Amino acid sequence: MTLVIRMLTVYPQTKTYFAHWKDLSHGSAQIRKHGKIVINGIGEAVAKIDDLQKGLLTLSELHAFQLRVDPTNYKILSHCILVVLAITFPADFTPEAHVAVDKFLAAVSRSLSEKYR
Amino acid sequence: MVEWTDFERQTIAGIFGKIDYETVGSAALARCLIVYPWTQRYFGNFGNLYNAAAIKINPLIAKHGVTILHGLDRALKNMDNMKEAYSDLSVLHSEKLHVDPDNFRLFSDCLTITLAAKMGADFNADVQAAFQKFLTVVVAAMQRQYH
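The listed protein sequences derive, respectively, from chains Z and S. With my numbering applied, the first sequence covers 3 to 119. With my numbering applied, the second sequence covers 29 to 175.
Isolated chain S (complex conformation):
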């Protein structure tokens, strides 16, 4: 069981309370596809991903980024129970979507950087540590059902 300090719980709740899902979700996924181009392998049906400019204006990618970000909502509500909370999503990504679990880490890094740009100086070392710990636990839960 993961131990969360009060600071960590408040920080995570605070971030998600203020986050603009539409902007941050779409920007994080677009960034991921541009910075780690091999991740595009999972988006063959998403239209034009030819270059960075195309990826940034692609509406299907934007929408999917928001979907992924909302996938973190269940983590917020289940911080003490992440493995169970993500069990079905983990199975989905393994059995149906066949996503290499390393991609969860890549997306997390892009989300962190997108958020850092938005929050500026408020994204200090302690806030970053709390947020990255949160994402690490989600990623571990997402990797759990792979076999």
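Only chain Z is shown next, with the shape it has when bound in the complex:
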């Protein structure tokens, strides 16, 4: 999954959240594993699309009280997801599909930052 590596390369400031990892290079096992965790989380959000606030409650609390990721980074990761989708599905990732995904990712981002304050 090039998603996390892409984010760390294009937006080096995001590396500050991973200072505790030994290996931040391309192909690192930790990065691959983390990419999977994030994508699975988004998959969970898709399943709970009709009530993200309730459905993502645990993840929301995790991001608010433990991870404390600055919400700007959700926009950054969302953009990287869109780029990966465009590369993987060039014909299917039409502007209509793009706006739907962007709207969804924005809603997920809002849910994740909800418990911050």
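A few of these clues could be false.
[Said to hold, decoys possible] Using 20 angstroms as the maximum straight-line C-alpha spacing, the simulated SDA-like pairs for lysine to any residue come out as follows:
id, chain 1, residue 1, chain 2, residue 2
1, S, 146, Z, 96
2, Z, 77, S, 67
3, Z, 105, S, 130
4, Z, 105, S, 65
5, Z, 105, S, 66
6, Z, 77, S, 65
[Stated by the list, open to error] To be clear about the criterion: a stretch of chain S counts as covered by chain Z if any three or more of its residues have a C-beta under 8 angstroms from a C-beta of chain Z, and this derived list gives those stretches:
id, region
7, 138 to 144
8, 153 to 164
[As the list claims (entries may be wrong)] Interface residues of chain S toward chain Z, partial, derived using beta-carbon atoms under 8 angstroms:
id, residue
9, 58
10, 59
11, 62
12, 63
13, 80
14, 148
15, 149
Honestly, the hints are just simulated from the structure, not real lab data. Model, not experiment: these values are computed from the prediction. Each residue gets a CB set at the ideal place from its N, CA and C atoms; glycine is no exception.
Following the hints, complete the assembly by docking chain S onto the known chain Z.
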């Protein structure tokens, strides 16, 4: 002054050397108007923007997308001098067109995604980083004369 590595210069030159302005320019602007519908506020005289289908076949939008993309040509020729190179365009967008400068970022994102779809796997993390850095510098130059 922005520092550019050789890789970045070559990557940017390579992308623009191969890019199909007609297809990419028109697709990027259409995408921008569809994904960020509030950007349509600047295109009141451009005919039918009623829905995504209409936007995608609108010839005035297609032509304007190409114009915007060619606006990046001066960046290519002035990578070490972007602020001066874009001074007049910045004034134009601020004083005459009254475009909210956040739109430059929105268009840049749509251009990046359009290009990613075209380039596929060649648009790897390092290429994306170089291209987005390039666009960020252009956007900063475009925002500079706003007051």
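Right, here's what the structure says about each hint:
1. S:146 with Z:96: Measuring from Cα to Cα gives roughly 12 angstroms; hence the hint holds.
2. Z:77 with S:67: holds, 19 angstroms
3. Z:105 with S:130: holds, 18 angstroms
4. Z:105 with S:65: holds, 12 angstroms
5. Z:105 with S:66: holds, 14 angstroms
6. Z:77 with S:65: Judged against 20 angstroms, a Cα distance of about 18 angstroms means the pair holds.
7. 138 to 144: As far as the region 138 to 144 of chain S goes, the hint holds, because 4 residues have Cβ atoms under 8 angstroms from chain Z.
8. 153 to 164: With 5 residues close enough to chain Z, the hint holds.
9. 58: holds, 6 angstroms
10. 59: Status holds, d = 4 angstroms.
11. 62: holds, 4 angstroms
12. 63: Hint holds; residue 63 of chain S Cβ to chain Z Cβ min 4 angstroms, cut 8 angstroms.
13. 80: OK, holds: residue 80 of chain S within 8 angstroms of chain Z, min 5 angstroms.
14. 148: This interface hint holds because 6 angstroms falls under the 8 angstroms limit.
15. 149: Residue 149 of chain S check passes; min Cβ-Cβ to chain Z is 7 angstroms, inside 8 angstroms.
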